[in-house]
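Trainee: If you read the sequences in order, they're chains A and B.
Mapped onto this note's numbering, the consecutive letters of the first sequence carry residue numbers 8 to 355.
Mapped onto this note's numbering, the consecutive letters of the second sequence carry residue numbers 8 to 355.
These aren't lab readings, by the way, just hints derived from the structure by calculation.
Errors might be hidden in some of the hints.
Since the list can't tell identical chains apart, any single copy or any two copies may satisfy a pair.
[Said to hold, decoys possible] Listed below are the simulated EDC-like cross-link pairs for lysine to aspartate or glutamate, each with C-alpha atoms no more than 16 Å apart in a straight line:
1) LYS197 <-> ASP209
2) LYS33 <-> GLU121
3) LYS33 <-> GLU118
4) LYS346 <-> GLU269
Number of protein chains: 2
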Amino acid sequence: MLEDKNQEKTSLAELGEFGLINHLTKHFKIHNSNTQRGIGDDCAVVSSEGKELLITTDLLIEGVHFDLSYMPLKHLGYKAVMVNLSDVYAMNAKAKQITVSIAVSNRFSLEALEHLYAGIQLACDSYKVDLIGGDTTSSTKGMLISITAVGVADKEDIVYRDGAKATDLLVVSGDLGGAYLGLQVLEREKQVYNVNPENQPDLDGYSYIIERQLKPEARRDIPELLKDLEVTPTSMIDISDGLSSEVMHICTQSKVGCKIYEEKLPLDPQVISTCEEFNIDSTMVALSGGEDYELLFTVSVNDFDKIKGNPNLSIIGHMTEENQGMNLVTRANQEIALKAQGWSSFNE
Amino acid sequence: MLEDKNQEKTSLAELGEFGLINHLTKHFKIHNSNTQRGIGDDCAVVSSEGKELLITTDLLIEGVHFDLSYMPLKHLGYKAVMVNLSDVYAMNAKAKQITVSIAVSNRFSLEALEHLYAGIQLACDSYKVDLIGGDTTSSTKGMLISITAVGVADKEDIVYRDGAKATDLLVVSGDLGGAYLGLQVLEREKQVYNVNPENQPDLDGYSYIIERQLKPEARRDIPELLKDLEVTPTSMIDISDGLSSEVMHICTQSKVGCKIYEEKLPLDPQVISTCEEFNIDSTMVALSGGEDYELLFTVSVNDFDKIKGNPNLSIIGHMTEENQGMNLVTRANQEIALKAQGWSSFNE
Chain A
8 MLEDKNQEKT SLAELGEFGL INHLTKHFKI HNSNTQRGIG DDCAVVSSEG KELLITTDLL
68 IEGVHFDLSY MPLKHLGYKA VMVNLSDVYA MNAKAKQITV SIAVSNRFSL EALEHLYAGI
128 QLACDSYKVD LIGGDTTSST KGMLISITAV GVADKEDIVY RDGAKATDLL VVSGDLGGAY
188 LGLQVLEREK QVYNVNPENQ PDLDGYSYII ERQLKPEARR DIPELLKDLE VTPTSMIDIS
248 DGLSSEVMHI CTQSKVGCKI YEEKLPLDPQ VISTCEEFNI DSTMVALSGG EDYELLFTVS
308 VNDFDKIKGN PNLSIIGHMT EENQGMNLVT RANQEIALKA QGWSSFNE
Chain B
8 MLEDKNQEKT SLAELGEFGL INHLTKHFKI HNSNTQRGIG DDCAVVSSEG KELLITTDLL
68 IEGVHFDLSY MPLKHLGYKA VMVNLSDVYA MNAKAKQITV SIAVSNRFSL EALEHLYAGI
128 QLACDSYKVD LIGGDTTSST KGMLISITAV GVADKEDIVY RDGAKATDLL VVSGDLGGAY
188 LGLQVLEREK QVYNVNPENQ PDLDGYSYII ERQLKPEARR DIPELLKDLE VTPTSMIDIS
248 DGLSSEVMHI CTQSKVGCKI YEEKLPLDPQ VISTCEEFNI DSTMVALSGG EDYELLFTVS
308 VNDFDKIKGN PNLSIIGHMT EENQGMNLVT RANQEIALKA QGWSSFNE
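Using the sequences and the accompanying hints, generate a full structural model.
Mentor: Pasting the structure below:
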């Protein structure tokens, strides 16, 4: 009765996820003096007598964020934790605690949930994070997992999205595009399996990219590495939705532009060979693939010597004045405007 | 492929929610010294240099926890916040921040979500709580809301479930059973509406119990009242699943028994009259109704004079030695064993 189906309605896909959150929360006020930062970064920040607490939450839904036909439940549990820890590390903080809420339909047995929690536990043990609570209920369809992670940092160490300066270097950890291509390979094998269940999946030669999709690791080592290198990033974000979309968040919030150099994008050889096989442009995959859970950050140009040559880090470009826009410099030395092609769960 | 449908399986309904959480999390270790209390209370407790942070999370799912045919979205948003704040107050703490994650199918418009967030905002403003983050995504079916609340308290003020002593008094705030009966009235009107959509709902005479169901208030005032009265409860819990089920949590965790006196159960006149109309036993409703979001707590018998006669509080019984069991003393002075008839989302 109360959904009022006859009025003119705005579809959620028109707004996208970020537009939707902004729209829905723009009139909310802050009441508590210890709320340092609310919506709009990887984590919220709550201060508590000197130390800052960082809080982040993510929701994973079967059929939207994962497909159990190729995602083992143990891996799903592990990945669901990684997705959240990655947001804590993206604030240059230490992850400490998580809550895990799940809803499952009666299709799932206890043994299925044991596999899920085995993955959650492995993640907690590997990353020294404590499971401190949650909620467990039934769903009318499928499985969903809602995780909230709590981290801690000294106030002066926290890195937000809005601190990039026009001359800063743009740096990314690890390599890009693997998780997306791993998904493409798994989707292809699913199609083959659907046509002929007798067929054995042939995943030789794809082990790296499949692991990037099924068992990603959050980059806990990067904040530690940066501390050792005595580098404090001016801004940082994790790459969950694709490089392009994430660098645009930094630019928009820091009020700067950027130049990314195509030739500098770090690609694993398996990413390159799989792109050739699938006839996809590897630059597009690196820019828009998503789910890599690498860290993207900016550092002062004075830190160049500390960063260059580090095998964990690639300098892929630099920031510019805001009016110069956000651009990719191609191998042919052409500048083209970046597009946010990050994955949006509201699009079909 | 990986759900392995052919093994012998344990159904989730066999275990129930608490059994399930215990089973799934019993092997998890605590890694961080600031994790004071993990799973097993209304909130987890994380210490941060003197102040303790309290964290709690709840998941609400359409078709399981709410029915949008009689639950206006604004009320749903408000109630979803109350459910979480109630858990913070049940620790004798102050609620400070919330994160809100939602997943919605494409059946919902932006305007629908605006109503939901209007309710969330009203709750935040009324209870001086800050919305600090969340996640928004699509679902393949219906709506779900996952909220995490953060509270703060001095270490010595926090009240757990496990501190009740054998001679303590058992006290409840407000009155019981209203939310459950409000739901019965709304369900009846829905049936009438389904048969004849022209029929106007007749809700006169049910306003209190319908408000208890659709717009419950968390008892923020009770921790403040107890402070004013200079009473520190020895244990406390909020009544989300029904008095019976909640008192059994206190007894089990505190290793005590209890006697609850039927004649002492606080009932609103509208609860009594609606029970008569529906031909339901009002004691059963008070014990097992659920969703009242009142606070149930134990106090030392020495605090009797401070509590008695307070219009917000009812002394409904006392704790006993564990071997005396958990009992209801009827108006006819018979003792019968309490049953946990709390609502379980895993049962049909």
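Trainee: For the identical chains here, do LYS346 and GLU269 meet the 16 Å Cα criterion within one copy, between copies, both, or neither?
Mentor: Classified as within: same-chain Cα gap 14 Å, cross-chain 67 Å, threshold 16 Å.
Trainee: My question is about LYS197 and ASP209: at a cut-off of 16 Å on alpha-carbon distance, are they close within one copy, between copies, both, or neither?
Mentor: within (11 Å within a copy, 54 Å between copies)
Trainee: How would you classify LYS33 and GLU118 at a CA-CA limit of 16 Å: within, between, both, or neither?
Mentor: Intra 43 Å, inter 15 Å, cutoff 16 Å: inter-copy only.
Trainee: Checking LYS33 and GLU121: alpha-carbon separation at most 16 Å within a copy, between copies, both or neither?
Mentor: between (40 Å within a copy, 11 Å between copies)
Checked against the numbered hints above, the structure breaks none of them.
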